[in-house]
Each structure stands twice: as C-alpha cells, then as structure tokens.
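Novice: Dock chain B against chain A, hints included.
Number of protein chains: 2
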Amino acid sequence: MNETSPLQASFKQTKHQLAGHGKRNIHIMKKAFQDIEGNLESDFYGEGKVIEDFQEKMAQFLGKECAVFFPSGTMAQQIALRIWCDDKGLPKVAYHPLSHLEIHEEDGLKELHHIESVLLADENRVIELDDVMEMKEDVASLLLELPQREIGGQLPSFETLEKISKYCRDKGIKFHLDGARLLEVLPYYKKSAAEVCALFDSVYLSLYKGIGGIAGAILAGGQDFIEQSKIWKRRHGGDLISLYPYIITADYYFEMRSQNMQKYYEDAQELAKFFNACHGGSTVPHVPVSNMFHVHFHQAKEQVETALTKVQQQTGIGITGKLKEIDENTCYFEVSLGDQYREVPKESINNAFKLLDEYMDY
Amino acid sequence: MNETSPLQASFKQTKHQLAGHGKRNIHIMKKAFQDIEGNLESDFYGEGKVIEDFQEKMAQFLGKECAVFFPSGTMAQQIALRIWCDDKGLPKVAYHPLSHLEIHEEDGLKELHHIESVLLADENRVIELDDVMEMKEDVASLLLELPQREIGGQLPSFETLEKISKYCRDKGIKFHLDGARLLEVLPYYKKSAAEVCALFDSVYLSLYKGIGGIAGAILAGGQDFIEQSKIWKRRHGGDLISLYPYIITADYYFEMRSQNMQKYYEDAQELAKFFNACHGGSTVPHVPVSNMFHVHFHQAKEQVETALTKVQQQTGIGITGKLKEIDENTCYFEVSLGDQYREVPKESINNAFKLLDEYMDY
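First to last, the protein sequences are chains A and B. Reminder that position 193 of the first sequence reads as 832 in this note's numbering, one-by-one numbering, no gaps. Reminder that position 275 of the second sequence reads as 914 in this note's numbering, one-by-one numbering, no gaps.
Isolated chain A (complex conformation) (with noise of 0.2 Å):
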C-alpha cells in the first residue's frame, strides 16, 4: 500500500465512502467496551467466562458441537487441517489455487506443519464436484473458501455443496471451510449458518470482516477435534493469557450487524450496477452473491488512477484507494459492502459514477 498515491490520499480526504464500516480506529474498541463493567474479570489462557461464553454461542450458532476462539484465521485453519492430516496419517489437503493459506501466509502450512496443498480448479473460477471427483491424489482433507475471495467473491451452488460434501464424506476426506466470510453468503443461500456447517466436519468463521470486528477467528467441530485445536493453539502461540479486547469486541459487532447481511448483499448488487454502467468498468462477479465484488477496469491504471482521483476530489466520495494492475489495459479493486453505503446520499452516488463514466470514455 503506497500511503502518499495521489489516489490514496484523495480517498482518505473523502466525506463518505460507498464500502465498508468505516475507519479501523481505535474508536472501534472503545465503543464496544463502554458499556462493559471495569470488574469483569479477562479470560485466562483459554478458560474463563469471557471466552467460554463466546465459544458456545458461536458453536451453538454454527451448529457444531463444540468452537475455539482464536487470535487469527491463519492459525486456525493450518491446526484443522494438521489435525485432519494427523488423523489419516496424510499430511496433503487440496483446496483453491488462491486459498488464503496458498498465497497469504508464507507458507506456514508447508514450513510449520510440512503438508502438501493440491490446487484444484482453475484460478479464475470456483471449485465445482468434478474437480474434486477428477482429483488423482488421495488428500485427508479439502477445504472450501466461501466466498472465494480472490476471484471478487463467487460461490458454487448450495446444491454442489451437498455433493461434495457427500463425496467426501464417502471417500473418507474431512471436509474444512474457510468461512472467512461465511455470515456474508447466507442471504444468497438463503440458509442458516449452522445449515450450511453441517455440510462441513470443520469450520472457521473470520470475527472482523463483515462484522467489523478487531480481529480473530472462530474455529468450530467436534469436541475430539477441538480438545486437539487447542494443544495445537498454545503450540502455535496463539493462547493467549487474554484474548478479550478480541472477543468482547467480536461479540459486540455480532450482535449488531450478524443480521445486516441481508442489506449488505442487496446494496452489493446495486452498486454493482454502477459500476457495470460505467464506460471500461465491470464486475466478477457481474452480479454480486456476497456483499462483496471485484471491480475490473479494462484500461491502464495510470489512467483509471487520474480518472478515480479526480473524482474523489470532486464529489467527496470515496470510491477506492487502491487499484491492482492485472495487465497494462487492466486492473481492479476489491469492495466489500458495509454501513457505510446507505449513509451517501443516493443523488451523490449517482453523480459520481455520471463523473466517473465521463472520466473513464476519453
């Protein structure tokens, strides 16, 4: 991230922005914690009415036996699939060619845990039954990113869920998912949380991504498979004397926006639109299935950078301060939908893309 783009810095100076909660600042603590007594006594390694409390309503939410809090998603899901591998006495797990775990953690997986990653589907799309059917190496686990980030936030059908998670449970493969985003494809699937899990023997759930958290990860199952989560979490460091700044603030976002992703989907789809009508823009995916999307620009980024600056510093809203180059004619940014997008007033969205469009057609 370059603090000082021109791009960057018209972002930051933006009154509203379409994506998002807003800021990542202190602010975001201290709300959470105002109405918490200064008696309640913290969490102690792992033990403690904080953390206990906290882990069995998000068990009970994802309908699993037992859940684990944890200090990140990374640690989280190399211990499931190391249990999973222990478990078989295999240590190779397949999953996405942009999973998380591939491209976002220097390779603890391999470098930690010494397990093998087997890559299916091609990068651009999600995994569907036959890449799992057609895959040659037997693996002790597979893991499912929902949505897959990477690729703007796409999703394989419920129905191709069920299968998978059929074959692999025929063929003797845990199967793991990266619920990162998990709460965020509920209104797509129409489906509660914990019927979405029991497709899935594990599963890990982010605490600060749709909800707005500070950071931290949930990682749900059996009670065998989280009694061994937990050696491996004081193994890996993350057991922590307290977790609480993490957990009460984990709580407290949950409770307020866990049943706003209904809203955040909807309002992804029409901002979608926007971005779709504008001259050289469009979306992956076209229609959003989350509250999140890629938008794609099919010119240089130097050009899209001047068109979107400019913009910015003329209308106040903040669009985005970051774009990624795929090739000299294309590029692209993330959005995720938040609170943030129902407080810009619908006539200064509209003009910003009217400007955008002009920018962009030149």
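Be careful, since some hints might not be right.
DSBU-like, lysine-lysine: derived pairs with alpha carbons at most 30 Å apart [what the hints assert, rightly or not]:
id	chain 1	residue 1	chain 2	residue 2
1	A	949	B	688
2	B	749	A	727
3	A	775	A	802
4	A	662	B	688
Cβ-to-Cβ under 10 Å is the rule here; a few derived chain A residues that face chain B [said to hold, decoys possible]:
id	residue
5	663
6	664
7	667
8	712
9	715
10	737
11	747
12	748
13	806
14	810
15	853
16	878
17	986
18	988
19	989
20	990
Derived by calculation from the structure, the hints in this document are not laboratory data. All C-beta atoms, glycine included, are put in the ideal place defined by N, C-alpha and C.
Specialist: Here is chain B on its own, set in the frame of chain A:
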C-alpha cells in the same frame, strides 16, 4: 486452578493482597485507553504508527537494532530459535530443564519446528558456565531465562553471563535471552536493559508480567533476524490485522511501572523475610534477586491450606489462592511483587504472619 477450593475462595475475598498489581480485569485495558483518541488509526498487519513507534522504542530500550511486537512469548521464542537453527543448519538448542519451552508449550518447538532440546544443569539450579562448557553436543542456540522462573526466579551472576556470552560467541552459538522478566532483574544486576541485552544475540521481553499489561511480547535483535521473524510471525498466524489493544496497553504500563522494579525488588526481600521467619516456611531463593520468589512450606499441603485459609479469612490479607504439592511433606506457591504490597498496612502484614506462624506450629 480449582476455582472452588476454600483457599482460593478465601483469597478472592481478601481486602488486600501481598503480591501483584491487582485483579486481571477489563479495567486494566479501559484505564490504558481512557486518554487515547478514538480516531487514532489501527495498526495494519504489522504496519502503522502505533506498532512501529512502540517497536522502535523497545529496540532502543533494549539496545538492539530492531524489535517486533508478538502476540505471545511462546511464538516469539520458538521463532527466534528456529531462525538460529536454520542459520546454522542444525535443529538443536540448549536450555534449562524447566524452560517455558520445555514444560509450558505442549512441545511446540518440537512439534512445529522439529528442533531438539539439550537440557542443561540440574532442575533446581541455574545454568552455569561449566554446564555450557561441558555440553557434549553442538547447538545452534543457547537460551537463558533471567530469572529462572520455575525455581523461584534464581539468577547467575552477571560475570557468569559475560563468560557464557563470550564462550557462545567463540563457539558460534547464538545466545538468546528469555527475558520474560528482564525488567525485574535489572536492580539486582545494577545494569540497564541494554547492558544486559548486549550479551545476547536475540532477546524476548514480556509485556504483561512485571509491568502488568494484557498480553504480548517483544522480540529484539539485528535487522536481518527481525525481518526473518516477521515472516515466521505470519506463518504462525501471529501477524494479526490489529494488535493495538495489547500495544497501547503495554506502552501505558511500561511508562507507569518500568521504573518501579527497584521498589518491587526491595519489597520482595522484605516479604521473603516474613515467610522465612514463619514456622515451616522458607523461600527460594532465600534472599530474592528480583521481584519474585517461591514460598515452600514443609508440611502436608492440606495442613498448609487450612492454615492459609484461616489467616486470609481472619485478617483480610491475601497471601495466595494456590498451593502446589511437591511431596507429601512439602508444598509451595509463587509470589511476584507489584503495586499492591505497599498498599497493605504494615501492621496488618505483621498480624497476618503472626497468625500464620501460630497456625503452622501446632
């Protein structure tokens, strides 16, 4: 910890406690944040002013080139040793048989990093130069814990440290400081943190023990070492999107308490005398060399529990909530001095120990 033991219950109801800074409750964090502006930006995956400023401050304080904030010491130290092992191409390190890595981390060093440990010295004493010189195997790193917590916080002399440091340098063994309680030993050594750390290639410092923060650790060393540690931090799942709840709190209590260590050290010496004067009681070390020591009672655990419970109930002075059995005639507990000791009226302390002496002598 048995929450419902009469000893624990009586301890929780005391008005004053001899050890510690007070209860580990939410107030610890709220107090540290009360004057922090809500619009202060969060750190972001190890970047940003909040984390960078604190890391620089700690590097300077420890006299090292660079420092990095870790969620836990468990994570920081495994990583430090891994880097030194990879450097030398030898997955073997030496430390005390009661090192945190050996007894409190579910063998993370072995299970995650496949690093073998060579245990130096007898369990009941600290590592001396001879132990290092007589080591039959080559190792990549020697870890020294100052003070050695599990034996009451004992210390080698500073001269011994200098000699071991020189020996390690000559032999190509990286010398790592487990300085969980480094601040607490500076008064005894009459040295600055930087003077002690200069003897070591890498240093870990806890941010919640002596100073009373929530959680977190600093790892410090040369620039190359620290850059590598950041990669491993991500692999471990410790590179959280936001660590500010721990960082801001650590900074607050570092400022408040890092200068108090002489006071805690003197108080520990005074309090140890009370225990040593008590029937059947003795401290390890006999004269504390930091803010901590262990209290041994040479009687059956049940009898000591009964005596302590009665004293706590009758005087309102909290001595301990926990007792560990060594054998049928010996039990012990740990004491770490903090802010609370000077808030207890001296007369009440005298009175409590007079009673304890009576109850122990029956």
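Novice: Against this structure, judge whether each hint is valid.
Specialist: Hints, one by one, checked against the model:
Distance hint between residue 949 (chain A) and residue 688 (chain B) is fulfilled; the C-alpha atoms sit about 28 Å from each other, no more than 30 Å. Only pairs whose Cα atoms come within 30 Å are accepted, and residue 749 (chain B) paired with residue 727 (chain A) is accepted, the gap being roughly 21 Å. Of the pairs offered as hints, the one joining residue 775 (chain A) and residue 802 (chain A) holds, with about 18 Å between alpha carbons and a cut-off of 30 Å not exceeded. Distance check on the hinted pair: residue 662 (chain A) and residue 688 (chain B) sit about 15 Å apart at the alpha-carbon level, within 30 Å; holds.
Among the interface hints, the one on residue 663 (chain A) holds; its C-beta lies about 4 Å from the nearest C-beta in chain B, closer than the 10 Å criterion. Restraint check, residue 664 (chain A) versus chain B: the minimum CB separation of about 5 Å is within 10 Å; hint holds. Interface restraint check: residue 667 (chain A) against chain B, minimum CB-CB distance 7 Å, threshold 10 Å, status holds. Contact between residue 712 (chain A) and chain B, as hinted, is supported at the beta carbon level, the nearest pair being about 8 Å apart and thus within 10 Å.
The beta carbon of residue 715 (chain A) comes within 7 Å of a beta carbon in chain B, closer than 10 Å, and the hint placing it at the interface holds. Interface hint status for residue 737 (chain A): violated, as the beta-carbon distance to the closest one in chain B is roughly 17 Å, over 10 Å. At its closest, the beta carbon of residue 747 (chain A) sits 3 Å from a beta carbon of chain B; the interface hint therefore holds under the 10 Å criterion. Hint status for residue 748 (chain A): holds, given a least beta-carbon distance of 9 Å to chain B, under 10 Å.
Given the 10 Å rule on beta carbons, the hint for residue 806 (chain A) is violated: about 30 Å separates it from the nearest Cβ of chain B. The criterion of a C-beta within 10 Å of any C-beta in chain B is not met by residue 810 (chain A), whose closest approach is roughly 28 Å, and the hint is violated. A hinted interface residue such as residue 853 (chain A) counts as satisfied when its beta carbon comes closer than 10 Å to some beta carbon of chain B; here the least separation is about 5 Å, so the hint holds. Here the hint on residue 878 (chain A) is kept, as its CB sits about 8 Å from the closest CB of chain B, short of 10 Å.
This hint is violated: residue 986 (chain A) has a C-beta 28 Å from the nearest C-beta of chain B, more than the 10 Å allowed. Evaluation of the residue 988 (chain A) hint against chain B yields a violated restraint, the C-beta minimum of about 25 Å exceeding 10 Å. Because the smallest distance between the Cβ of residue 989 (chain A) and any Cβ of chain B comes to about 30 Å, over 10 Å, the interface hint for this residue is violated. Interface restraint check for residue 990 (chain A): the shortest CB-CB distance to chain B comes to about 28 Å, outside 10 Å, so the restraint is violated.
When each numbered hint is compared with the structure, violations occur for hints 10, 13, 14, 17, 18, 19 and 20.
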